[in-house]
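Residue numbers (the working numbering), protein chains in the order written: chain A, 10 to 136; chain B, 753 to 1316.
Careful: at least some of the hints might be erroneous.
Claimed, not checked - Pairs of lysine-lysine residues, derived as DSSO-like cross-links and limited to a Cα-Cα distance of at most 30 Å, are as follows:
id, chain 1, residue 1, chain 2, residue 2
1, A, K111, A, K66
2, A, K89, B, K812
3, A, K89, B, K918
Calculated from the structure, these hints are not laboratory results.
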Amino acid sequence: MTGPARVPPAAPAASTAPAASTASTAADVDGDVGLHHLRLYVAGQTPKSLAAIANLKKVCEEHLAGRYDIEVIDLMENPKLAAGDQILAIPTLVRRLPAPLKRIIGDLSNTERVLVGLDIRAKAAAP
Amino acid sequence: MPIKPAPFRPSLPKTPTGVAGFDEITMGGLPTGRPSLVCGATGSGKTLFAATFLVNGAVKYGEPGVFMSFEERAEDLAANVASLGYDLEALVAEGRLGIDHVHIARNEIEETGEYDLEGLFVRLGFAVDQIGAKRVVLDTLESLFSSLSDEAVLRAELRRLFSWIKARGLTAIITGEQGEGRFTRHGLEEYVSDCVVLLDNRVQDQVTTRRLRVVKYRGSAHGTNEYPFLINDHGISVLPVTGASLSYSVSDEVMSSGVGGIDAMLGKGGFFRGSSVLLSGLAGTGKTTFAATFADAACTRGERCLFFVFEESAEQICRNARSVGLDLQRHVESGLLRFEAARPSLYGLEMHLARIHRDLDAFRPAVVVVDPISAFRGPDLEVYAALLRMVDLLKSRRITGLFTSLRGDGGLQDAEDQGLSSLMDSWIKLQTVEANGEMNRTLYIIKSRGMSHSNQVREYVMSGTGIGLIEPYIGPGGVLTGSARITQVAREEAMQLHRRQKAERRQQALERRRAALERQIAEMRASLETEEEEAAGWLREEELRELVLKQDREVLASRRSAAE
């Protein structure tokens, strides 16, 4: 766990632009993918939600060990947060950092697509 | 609430949209607590219709609403409907309206397994709960199909969404883009089965007309026709104009035509209030002048008059009316007279009708002038249908309508006018008569329902003091007009003079003869008197002579006795 300091989980949803700039500097410093600030939106403890949480943790541990931060938001408890991140499908994983903002929907069972969605597969394939 | 109760008690509770006319067609509005589908092609006014539903709900019926937009951002939406006079931002600030812009771009989304649209439900539910919304608009739900690839999930979720809306008792409008051969591109009508409204924006002969049709309304009767509707700065209004029946009340009240001579030709001294009058005539017969006189008379009586002009501007009408001594401008300034000028080709017939409908509602005139109806071009059947509805519209509101028509030919057998004439209660025909190298204007009343009228053809002149009818000259040679009439009158006067002089001369001769005879009588009487005098003188002489003789005899006798 030697990664950079974690972004506080309660980061304001609206200010994506300044967050994006810090993300790019962080990536430059590391020379690789910087901190992944991920937010997973679920609605209640549905099988899909639970599967998504489990799948996300697995992918992150495998590919982003120490460089990620997961925030799970249950819309059943905080419905007003849905509009801010334009959540429609459940579950939705939002990659807030690094920029650009990415949305990945579904229970994250298709690991390949999750990696592509998080730009991890593309980065890995590049060198 | 301004909604008139339907003739029968509707079993289905309905929510008024506040769209003028639509609630009449649907006999109350959209089904309460159910989703309705409003579909149509691009630019057919779906979003505006939906926004009107929400704004009216919030403003008129005290029902807050949520607008969930899948296409436009909240700011854009507010700007767009501001053209209808709606202030969405103020309503949002007052908590009577909620706007949620749902933005999803396919390129930002990676699908990685099973998902559902619970987020949409959460958002909608939250927005609804926040302001206690009763009405919901989803505009345009179908854009989800382009954002999400799993159509099976989408369809299942939409089905769930509609049952959710029903379960929550929300009256909803779902808009959908019209697809090939079906109402919506993705078959939303399969799910929204209670009420489907189709909006259409049709171009015919380069003229656009918006139309609305209630395709389906489960559990309720509804108007089935295509109704034209209008979108302008007063909002949306739909016209159930074909619904007009012939059951309007009629009036025995008579109103002046503004021209004294015409009133005198009509048995009751004018037109019935609420009747329709056709004024037909060729170019230059003064149709507009008659119409202006009619309008002036109405305004002078203190009635409101709406003057639709299709060939001239309002200023032009006012200026031209001044030349016959009518000051229409003062009526315009006092607010009694309003001109609505537009080129006939500006909109389709239905649109004109819709506009007239709206203007009637707004201005509530007692008298309407349409100058001229012949400006409406189009297939005969459509023109006739439009005019029929226009006449019905006026009659149902007991508005007296004066229509002018430029006829193609002078004959009575003009097909269109014949058709029209059956719509009209009174028909005055203006015509020019050529005689002796001049054109003279004459008019006659072809018909006037419910009253006797003169059968005379009357000549009229338009002068600085208005329209004047001239006493008819009907001689052995028929009706004479213009200079022929003047010469005839002069000739008659000369003949009369001649006769008078002749009579005078005869009178004088008689007088002279009488004088002569009197003189003769006097002379004879004088000679008789002379003779009488002579006779009397002679008698006296005789008596004298007798006396003298007697005296002589006495003297002689006495002398004789003396001598003895």
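Hint check:
1. This hinted pair checks out: K111 (chain A) and K66 (chain A) have alpha carbons roughly 17 Å apart, not beyond 30 Å.
2. At most 30 Å may separate the alpha-carbon atoms for a hinted pair to count; K89 (chain A) and K812 (chain B) meet this at roughly 28 Å.
3. For the given pair, K89 (chain A) sits about 22 Å from K918 (chain B) by alpha-carbon distance, which is consistent with the 30 Å threshold.
When the structure is compared with the earlier hints, no violation turns up for any of them.
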